[in-house]
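Spelled out, the chains give:
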Amino acid sequence: MEEAVVIIGAGQGGATVAATLRQLGFGQPIVLVGAEAELPYERPSLSKDILSGVRSLEDVLVQPAHFYDEHSVEVLLGTTVVGIDAKNRVVLLDNGDKLRYSACVLATGGRVRQLQGLAPSPRVHYMRTTADTQRLRAAFAESKSVVVLGAGFLGMELASTASSLGLEVTVLEAAPRVLQRSLPPLMSQWLERRAAASNIRLLMNTHKPQIDVLDDRIQITLASREQIIADLLVVAVGQEPETTIGKAAGAAISATNGGILVNAQCATSIEGLYAVGDCTSQVGANGAHVRLESWQNAVEQAKVAAAAIAGSPQFACWTPWFWTDQLGCNVQLLGNPSEEVTWFVRGDPDADSPRFVIFGADSYGNLKQVIAVNSGGELRTLRPLLEQSIACDVRALCDTNTSLRQLVKNLQSEASTPTP
Amino acid sequence: MAWMKVASCDELADDEAKSVDVGELKLALFRSGSNFYATDAVCTHQYALLSEGYVEDGCVECPLHQARFNLRTGEAMCAPATKPIRVYPIKVDGGDLLVDV
Chain D
7 MEEAVVIIGA GQGGATVAAT LRQLGFGQPI VLVGAEAELP YERPSLSKDI
57 LSGVRSLEDV LVQPAHFYDE HSVEVLLGTT VVGIDAKNRV VLLDNGDKLR
107 YSACVLATGG RVRQLQGLAP SPRVHYMRTT ADTQRLRAAF AESKSVVVLG
157 AGFLGMELAS TASSLGLEVT VLEAAPRVLQ RSLPPLMSQW LERRAAASNI
207 RLLMNTHKPQ IDVLDDRIQI TLASREQIIA DLLVVAVGQE PETTIGKAAG
257 AAISATNGGI LVNAQCATSI EGLYAVGDCT SQVGANGAHV RLESWQNAVE
307 QAKVAAAAIA GSPQFACWTP WFWTDQLGCN VQLLGNPSEE VTWFVRGDPD
357 ADSPRFVIFG ADSYGNLKQV IAVNSGGELR TLRPLLEQSI ACDVRALCDT
407 NTSLRQLVKN LQSEASTPTP
Chain Y
1247 MAWMKVASCD ELADDEAKSV DVGELKLALF RSGSNFYATD AVCTHQYALL
1297 SEGYVEDGCV ECPLHQARFN LRTGEAMCAP ATKPIRVYPI KVDGGDLLVD
1347 V
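Protein sequences appear in the order of chains D and Y. Under the numbering used here, the residue at position 247 of the first sequence is numbered 253, and the numbers go up by one with no gaps. Under the numbering used here, the residue at position 46 of the second sequence is numbered 1292, and the numbers go up by one with no gaps.
No lab work stands behind these hints, which were simulated from the structure alone. Glycine residues also receive a C-beta, built at the ideal position from the N, C-alpha and C atoms. Wrong hints could be hidden among the right ones.
[Said to hold, decoys possible] Where chain D lies over chain Y, by a calculated footprint (3+ residues, C-beta under 8 angstroms):
#, stretch
1, 1291–1301
2, 1323–1330
[What the hints assert, rightly or not] Over 10 angstroms on every C-beta distance to chain Y, these chain D residues come out as not near it, computed from the model:
#, residue
3, G84
4, G89
5, V130
6, L173
7, E174
8, T212
9, V243
10, N263
11, S409
Looking at chain D on its own, in the form it has when it is part of the complex:
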């Protein structure tokens, strides 16, 4: 049996490894193995258009269905990998089959964090897969109210979609504000105002509420003794990296964040074994172990791994970029959250159809993080300033009468002009 590149995990990362290999002219066999029943699809859509029913899974496939045959990528769906024999370069499948590999890529993603001590019930939902989404969608159709546990990206999107479908929504969160790890206070407050305007009830600083899952309802008792009754509970308290197979194969795991350790080429500690996406831990600035859970990270790491496997390794670095669609707005983040910045605003956050950008700049005028609401094109325009550390007069960026594109072009041109 000819050796193939075996990709474990048929999600965003896995599909992108396969597509990139073919784009680079890699001609050897490729096998893509996925535990789910569906072709690779874009997971971010699950909490948004798929849950609301506006789009179907076919609309959000990573590659069109005919891509795999056309490019000689063998896809094994509904198939679980039970182990990797790294010494002999063999992947073992749950149906007893063995796949010999020249290179193997772990693109296993994450596993939802479960709440301990909750009895399984059709009233309790988690979200990771399209199957989860279809179950929740069906439950929404029969429900009037839902409690969402967790005000991170997923929790807020789920709350937003539920509200748009007419359900009464309560969000419980331990932190003092929504999306605390990712947003500055002014953005959290802006989202909280919008949530309130959508009749979503946000209860921050809620620690370990008592949750009772009854036959006919969910009953939550807060520290204040207030009781919240709802038809459904959706738990969105994060995920763990899915590293079972990699760990069993002997790959080194980060003690800090539990991800599979990879180098700049996405190679693990085991020869011939790579890893990409949510399951990995990569080395960030100052040697820190960093786990990035984003669409961009899965795609960019997949491209790097494919290039390494195809024999033309690249050295890529990218500015973290993330989007969320919630409460009727597209919100994009570029750069990393930082405490040591001052925030400036371009545009009017409280307009009925808001379009604005906020800039987090250090004292030298370097932009560290930029957040754009319904203004993705402007965010992209600003990217060179972050990537190339071009300092600027941030107040000038706030003048909505001037074109951001023209301002950035001028700054780039000044930055590349030698000082006399």
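Please arrange chain Y on chain D, whose structure you already have, making use of the hints.
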């Protein structure tokens, strides 16, 4: 051949875009370098107006998820787009932009 005037050249600065309605068609017009381009207005990946995207080097990046399209051929150049956008012949006549719909 149905050439329609859709805008005047000086409505578009370099690396700028705007959307125009031509009958029932919604188009996006672009200037990049010394060339003009016309495409369908909506990204093939998800509903977003390409006229609000980022224009550079004869390509546009969708404002929602940065899917990049070649403005001359309509080809989808990067994820998450996989389907090309439709492009229309465009020409300059005096100071006017005409598109063949």
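- Going through the earlier hints one by one, which of them does the structure break, listed in rising order? The structure breaks only hint 11.
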